[in-house]
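Asks: Sequence:
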Amino acid sequence: GVKALGPFADDIWNILFQSGENIEEGTRGVVAECLGKLTLANPNKFLPELQKRLRSDSAQTRGTVVTAIKFTFINQGQEYDELLRPLIVDFLSSIQDNELNVRRLSLSTLNSAAHNKPYLIRDVLDQLLPLLYEETLIK
Numbered sequence: 001g002v003k004a005l006g007p008f009a010d011d012i013w014n015i016l017f018q019s020g021e022n023i024e025e026g027t028r029g030v031v032a033e034c035l036g037k038l039t040l041a042n043p044n045k046f047l048p049e050l051q052k053r054l055r056s057d058s059a060q061t062r063g064t065v066v067t068a069i070k071f072t073f074i075n076q077g078q079e080y081d082e083l084l085r086p087l088i089v090d091f092l093s094s095i096q097d098n099e100l101n102v103r104r105l106s107l108s109t110l111n112s113a114a115h116n117k118p119y120l121i122r123d124v125l126d127q128l129l130p131l132l133y134e135e136t137l138i139k
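In case it helps, UniProt numbering puts the sequence shown at residues 1 to 139.
Source of the hints: derived by calculation from the structure; they are not laboratory data.
Computed from a predicted model, the values in this text were never measured in an experiment.
Virtual Cβ for every residue (Gly too), placed ideally from N, Cα, C.
There may be inaccurate statements among the hints.
[To be verified] With beta-carbon atoms standing in for the labels, derived distance ranges: (1) 138 to 5: 44 to 54 Å; (2) 11 to 132: 14 to 24 Å; (3) 4 to 134: 20 to 30 Å; (4) 24 to 129: 15 to 25 Å.
[As the list claims (entries may be wrong)] Quick list of in silico lysine-lysine cross-link-like pairs, BS3-like style, CA-CA up to 25 Å: (5) 139 to 37; (6) 37 to 52; (7) 52 to 117; (8) 45 to 117.
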């Protein structure tokens, strides 16, 4: 499986992010899924990498990151959840990104978290709900 990619994971990671800049949104979704699966294979390494890329100047990169996180919610491991728990607000705060598409993708990720890992967001709803409600206002 994905663990067999271990020696090549860094190269694959970099290639996915490089190619994610120049492709259409549908393909970026596939790139994000691959990044999410790589993150699950080595969360200690790749979760901080995703978090760092949330601050990218590129809206495509930020959107890919929040979508990659959505694809990690399929993991049922408690160990992964404990690594993600302190970072979840950072990832989901992209609801307030300047770019509409990043906000849309972040809302989709929040929806997925609510359905698949509600226990990860339950304690931080006081931080997330005001951001969510802000997005319901007509601008």
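Asks: All the hints need checking, so say for each whether the structure fits it.
Replies: A quick look at each hint next to the structure:
no., hint, in the structure
1, 138 to 5: 44 to 54 Å, "holds, 46 Å"
2, 11 to 132: 14 to 24 Å, "violated, 37 Å"
3, 4 to 134: 20 to 30 Å, "violated, 44 Å"
4, 24 to 129: 15 to 25 Å, "violated, 33 Å"
5, 139 to 37, "violated, 36 Å"
6, 37 to 52, "holds, 18 Å"
7, 52 to 117, "holds, 23 Å"
8, 45 to 117, "holds, 21 Å"
Checked against the numbered hints given earlier, this structure breaks hints 2, 3, 4, 5; the rest are met.
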